[in-house]
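Enquirer: Protein sequence lines correspond, in order, to chains Z and F.
Counting in this note's numbering, the first sequence runs from 1 upward without gaps.
Counting in this note's numbering, the second sequence runs from 1 upward without gaps.
What the hints contain is simulated information worked out from the structure, not anything from laboratory work.
Certain hints may be false.
What the hints assert, rightly or not - DSBU-like, lysine-lysine: derived pairs with alpha carbons at most 35 Å apart:
| # | chain 1 | residue 1 | chain 2 | residue 2 |
| --- | --- | --- | --- | --- |
| 1 | Z | Lys18 | F | Lys108 |
| 2 | Z | Lys46 | Z | Lys277 |
| 3 | Z | Lys74 | F | Lys11 |
| 4 | Z | Lys24 | F | Lys11 |
| 5 | Z | Lys77 | Z | Lys250 |
| 6 | Z | Lys258 | F | Lys108 |
| 7 | F | Lys11 | Z | Lys18 |
What the hints assert, rightly or not - Here are the computed distance ranges between Cβ atoms for each label pair:
| # | chain 1 | residue 1 | chain 2 | residue 2 | range |
| --- | --- | --- | --- | --- | --- |
| 8 | Z | Glu230 | F | Ala64 | 52 to 58 Å |
| 9 | F | Phe40 | Z | Ile121 | 52 to 58 Å |
| 10 | F | Gly146 | Z | Ile73 | 27 to 33 Å |
| 11 | F | Phe24 | Z | Ile158 | 51 to 57 Å |
| 12 | F | Ile123 | Z | Glu88 | 46 to 52 Å |
| 13 | F | Pro153 | Z | Thr127 | 54 to 60 Å |
Predicted model only: the values in this text are computed from it and were never measured.
Even for Gly, the Cβ is constructed at its ideal location relative to N, Cα and C.
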Amino acid sequence: MASSRDDFVIAIRSAFLKKKDKQKFSLLTLIFLSFIVIILSNFNFKAIQIVKLSINEVIYRSTNLISTPENYIKSLKKDFDQHMRLYETYNAIKIELENLKQKQLTNDFLEIENKKLRSLIDENIKTKEIFAKVLIDKESPYLKSVVLNKGSRDNVKIGMAIVDGVYLVGQIIEVNYSNSRALLLSDLNSKIPSVLAPNDIQAVVSGTGSNYGIIEHTQDEIEKNLNENEIIAYTSGLGGLYKPGIPIGKTSTGLAGKINFFSDFTQLSYVKIISYKIGGEK
Amino acid sequence: MSSLNESPFLKIFVSYLPIFMLFFSVFNEFDFNYLKLEYFSFNFVHLLIFFWTLRNPDHLGYIAIFFAGIINDVVIGIPLGISSFCYLLLCSVTAYIRNITLTPNFIKDWISLLFTILLINSIQVIVLDLIFLITVDYMDYLINSGFTFLFYPIFFIIFNFLNQRISIQHND
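Can you build the whole structure from these sequences, using the hints too?
Expert: Dropping the structure here:
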């Protein structure tokens, strides 16, 4: 009994402390080192922040460089698929364009009216946009995020909204000198204050880790009604992070509370980082 | 004998292939862990580290594994050091198995892999969810562990073939 315990202790000691010919550090040393890295990376000392930012800069750029062949193949495949679907896409777009032209006339009038009403209450929204390229879109099961090529030198700040065209994509969560990381709407940690049109219901759209979001924090009665009509979710602007009225997604028929995002997060190449300021606010 | 005819560049390339694969898989956007297929993903890096640190640790150093972990954390966006810690725990299990085993047995290795990946994924979930308050999907981790376990025999054959090639070259 004592001998088997001794064997176990010897095996454990040998595993953690013994170095092979080509190993420069023992396993125990490196485990301690990684433990120290975990602890240090959570302190906000300036020196640690600088080291962290430098590591991020180098690794993001290297990943982008190493992924070049793969990204090229991806874009080739995308172009080929688009080419094969050219005729059916053309027909669908033709019908959509006709519908949009009709809607545009109504929208033009509403826009003018909206501007007039805002000027009456001395309120105007000033938006600042920064165009950014997606460097890395490695979506992991742990964190749905993308790395962008604009950072603190371009005045990017934590909390700024990311849009693809006019659709909301996510929010900046980490800023380095020349790049930044944005959390996508699909991430489990994403919570967006939103307004559900056409019923004008305040809610929160939360990420699920999959390609859709869910509507939360609404009354049960309202949730039942969500199943009946098509609902479009826009940012409400509550909390002051997002500009009000950015489209997020729409509900699928028959699936109450489930929001399909307008933007396809797997196809992001260029996005806009936006910040806004409401004039007339005290 | 046949390996004597191979170019020195090829010999060096083959002997560094495990490290090359490790860094390529953590740096590159393409990853078996994130295939974007619902209910399907497996951790290639775990399989790679498990096999090489168990069967031929001279070709995959702990320091390289440590740095690969740091890179993986930065690319994925989780707090620094977590992947390194998990990878090194995997190495410590393989080092222990190597010490207590006289004749390597595939089935025993395979079963130990299951327990090891369940252990390190549990540690990762606990650290992310309870300490760093990052919400994670437990089911994703469970499915990932399951597929990683199931895919080991396939990668065992591939890595074993590569290991034999490296050993032949080394003996020449």
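Enquirer: Holds or violated: Lys258/Z and Lys108/F, Cα atoms, limit 35 Å.
Expert: violated, 45 Å
Enquirer: 46 to 52 Å was suggested as the range; check whether the CB atoms of Ile123/F and Glu88/Z agree with it.
Expert: holds, 50 Å
Enquirer: Holds or violated: Lys77/Z with Lys250/Z, Cα cutoff 35 Å?
Expert: This hinted pair holds, its Cα atoms lying about 28 Å apart.
Enquirer: Verify the CB-CB distance for Pro153/F and Thr127/Z against the hinted window 54 to 60 Å.
Expert: holds, 56 Å
Enquirer: At the C-beta level, are Phe40/F and Ile121/Z separated by a distance inside 52 to 58 Å?
Expert: holds, 53 Å
Enquirer: Take a quick look at whether Lys24/Z and Lys11/F sit within 35 Å of each other, Cα to Cα.
Expert: Satisfied, since the Cα-Cα distance of roughly 23 Å is no more than 35 Å.
Enquirer: Is 51 to 57 Å a correct range for the gap between the Cβ atoms of Phe24/F and Ile158/Z?
Expert: Violated: the Cβ-Cβ distance is about 32 Å, outside 51 to 57 Å.
Enquirer: CA of Lys74/Z to CA of Lys11/F, is that 35 Å or under?
Expert: holds, 32 Å
Enquirer: Does the Cβ distance between Gly146/F and Ile73/Z fall inside 27 to 33 Å?
Expert: Check passed, 29 Å falls within 27 to 33 Å.
Enquirer: Take the C-beta atom of Glu230/Z and the C-beta atom of Ala64/F, compute their distance, and say whether it sits inside 52 to 58 Å.
Expert: holds, 53 Å
Enquirer: Decide if the proposed pair is consistent with the structure: Lys18/Z and Lys108/F, CA atoms, cutoff 35 Å inclusive.
Expert: holds, 23 Å
Enquirer: Does the alpha-carbon distance linking Lys11/F and Lys18/Z stay inside the 35 Å limit?
Expert: Holds: Lys11/F and Lys18/Z sit about 28 Å apart, inside 35 Å.
When held up to the earlier numbered hints, the structure conflicts with 6, 11 and fits the remainder.
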